[in-house]
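Chemist: Sequence lines, in order, name chains A and B.
Its first residue numbered 1, the first sequence is counted upward by one per residue in the numbering used here.
Its first residue numbered 1, the second sequence is counted upward by one per residue in the numbering used here.
Because the hints were derived from the structure by calculation, they are not lab data.
Among these hints, one or two may not hold up.
[To be verified] In silico lysine-lysine, BS3-like type, Cα no more than 27 Å apart, as pairs:
(1) A:LYS21 to B:LYS475
(2) B:LYS475 to B:LYS264
(3) A:LYS423 to B:LYS475
There are 2 protein chains.
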Amino acid sequence: MFESAKLKHHVSPVTFKREEKKLREALLDAQIDLLEQRRFPVLILIAGVEGAGKGETVNLLNEWMDPRHIHTHAFWQPSDEESERPPNWRFWRALPPKGQIGVFFGAWHTMPIVQRVMGKLDEGEFSSAVADIRRLEKMLYDEGVLLIKYWFHLSKGQQKKRLHALEKDPRTRWRVTDVEWDYFKLYDRFIKVCDPFLRETSTGEAPWIVVPGADPRYRALTVGRHLLATLRRRLDDTSDSARPAKKKTLPLPAPRDDVNVLSKLELDQKMTRAEYKKELEKWQGKLNFLARDPRMKQLSVVAVFEGNDSAGKGGAIRRLTQALDARFYDTVSVAAPTEEERAQPYLWRFWRNLPRHGNLTIFDRSWYGRVLVERIEGFCSEADWMRAYGEINDFEDAMTRHGTVVVKFWLAISKDEQYRRFKEREKVAFKRFKITKEDWRNRKRWHDYETAVCDMVDRTSTAKAPWTLVEANNKLHARIKVLQTLCSALEERLEQVSKKRK
Amino acid sequence: MFESAKLKHHVSPVTFKREEKKLREALLDAQIDLLEQRRFPVLILIAGVEGAGKGETVNLLNEWMDPRHIHTHAFWQPSDEESERPPNWRFWRALPPKGQIGVFFGAWHTMPIVQRVMGKLDEGEFSSAVADIRRLEKMLYDEGVLLIKYWFHLSKGQQKKRLHALEKDPRTRWRVTDVEWDYFKLYDRFIKVCDPFLRETSTGEAPWIVVPGADPRYRALTVGRHLLATLRRRLDDTSDSARPAKKKTLPLPAPRDDVNVLSKLELDQKMTRAEYKKELEKWQGKLNFLARDPRMKQLSVVAVFEGNDSAGKGGAIRRLTQALDARFYDTVSVAAPTEEERAQPYLWRFWRNLPRHGNLTIFDRSWYGRVLVERIEGFCSEADWMRAYGEINDFEDAMTRHGTVVVKFWLAISKDEQYRRFKEREKVAFKRFKITKEDWRNRKRWHDYETAVCDMVDRTSTAKAPWTLVEANNKLHARIKVLQTLCSALEERLEQVSKKRK
């Protein structure tokens, strides 16, 4: 990747001055179009070799364009709030909304590279990190983010020269410490890791742009012109085809009979009031006990509730929260996204709500809306929801790898039972909020939902974040099953924590 | 405050069961109305004596109502992100939006009380903390927050009995540690602090409700009924008079002549290009040097830019950011609030953007919009902007007391100069974004703005966060003055830091 970058490049001051003026006006113009269109966000990743002009270039971009709409984030040590969430949480919270430009110094690529150089990741782990990055960037691309990645490069000789030059100048001396020289000693090892890394994370959608860093004017013009061309191409193409997600997908097989994970459920489970009372006390007691376990302070829990309309999600959630101290849980009720949420990739609103350690977050409906209601109502394209299965698996994988306990419930009732409940609810005054025209409308799509739910379960039930299908014609049974499932998931996780300690 | 609470109260299980059923339905009903109206948020503060049933009551409220729209926050040790902002930042970020219920355990009242009991605050400091709380709560009230404050009480004898009972029960034994008994020993001292505290922070708008805590059924019904009545009164009164802010205010004096802080400015300051070049290099160098001072890691900086349209805010900001590393500043461009911001008190959107230590945030327009454009265009009532002066002073006081450097610039140009710039900008292509119909419309209100700016300067120029009026007919002069002012504010603050260390 670095062959061209090692060559001696040079731009004369006269050329630079002339070019810069034009470039500046054009960039500013593009930035205004970006702001006015508000169609997509721009995310610029800045990476590369020490001393190759990363900071200088970003400062220059801020000078050329309107700094009021460029948001630069440098990711150093994570804060405690960050380290209590999956590693990518800090990047999600810093994503620029549509119309804005975000600049990330040292984003998701930094840790894998540094750890591989230091020998803290073996080859397999490193490959897996690379694959994660590819998937993350693919998702951002598919969500419409204009992702531009610059790698600033210096040859070993150039870096040495640069560090000496910085050291000599009293104004920049502070920038060169022992750390920089220690890193310099690792130059060859860094290159051995970075070269294949750049190749493997260079995709058609988001290629790395290697910028020769030795000549300040040459690198500035390289970045400036490339950025301008990239912005302009996307800004000027307002046709539908410019929406990355509108691609052709292969169809899923239509069900050939009525045998599926839902139809095989025995929806009418028996449980008497008396049994329920006993079981409820038992499992709420157990949950309360588990929640107070000191090891819970190191964990977070995410509980997802999905289900047919009126399947009893609210009731099941209430039986769960009854067993918990209100200070340690929060419920996120998922309705239409807010304006700020609409300006971001669809998973953003869920990332922002992930709990800190010691806390449980209940999602009353969730990111699965993408492959349920959004699929069925056509709120997103087929390509959008088709890719969502993988994106959701990645999202939950990030949680479980961080140590978060993830439980997911689908509360299933029969079509007849739903009719009965709708009718009943229309009668009861204080339940009025639970039945709307939309519910009746959704009901007409019963079969479509069934297909979507089966696809969802097949494609997102993973070993670490499995779906629990809850037979919910009998509410009592459903509530107990939810409690039991959560308890055993917690127990299992707490045992793992103990084992690790030994 | 605690006379009635010490009496022996009792509710029989039969009465409770009957009452609870009705109460539950009515509360749920009120909660639904709250959600549907989305007119105001409800904030419930929970305070009081250890063992008086605070946690139990909150859990019960979550049981009675829909826990999906109640968000409970307990404030323990601040996270590092919290401790790098003014103390109230953590409460602001947890405020419930309109339509939702927030429950705060241990909010802003906790620290002053505990510190006073422990002797860490003297009487004057405590009084000042009390005054701060009154102002904060008044502001929340005026912004439409329904603030309800419960103080759970036990007499000394009752508390002793309660702690013993908790200790005896194996299920609750964990709740009583040495800490609880240590606090018990301080009971009398606590009461001595809390009794006047409750009196002084009980206002007509937000009185403390003392709840006798010994009998679980009595306290539950007390809270439940009071909450219901409070909710209902506010929900049912949809008249205009229910908006707290629509009160009569006393008029400000109209200016009697043309002598004011703006008219006294010498708008045409002289500076040649050559002088500018020299000065710019000098002050940008100085700013760059100061920003890299290691002591800056412990500080944050807030720079506010206001001014006439086309006064050159953008240009001045750019000259400032040019001197800084993009990784350490961010700019907040204040336009129309987002949906999430509109569901909160107007200062919320500014609180959420306060910088962490080591960072500078530039506000391009700011909270002063309240007393400028909102006042002039009638976007808020006279009472709203009249109270805003005090609220803004409190906000900035919170910043400066935390150690944040606050600089505020008003860039002033003459009416003629503005006309010249508007015309010029309409001609230049790449400046097209800077001139809109709204700008021409605002211009017609020149005189109103002048009055509003003078009032603003008079009422919000404080010793620690003074306004700097910048004569801006000559852009070059303006930019240098901004840089100079920021530099001296930083220098002054850094000196204070050094002095503290000695």
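Chemist: A separate judgement is required for each hint: does it hold in the structure or not?
Modeler: Evaluated hints:
Annotation: proposed proximity of LYS21 (chain A) to LYS475 (chain B) holds, straight-line Cα distance about 20 Å (limit 27 Å). Of the pairs offered as hints, the one joining LYS475 (chain B) and LYS264 (chain B) holds, with about 19 Å between alpha carbons and a cut-off of 27 Å not exceeded. A hinted pair counts as satisfied when its Cα atoms are at most 27 Å apart, and LYS423 (chain A) with LYS475 (chain B) does not qualify at roughly 71 Å.
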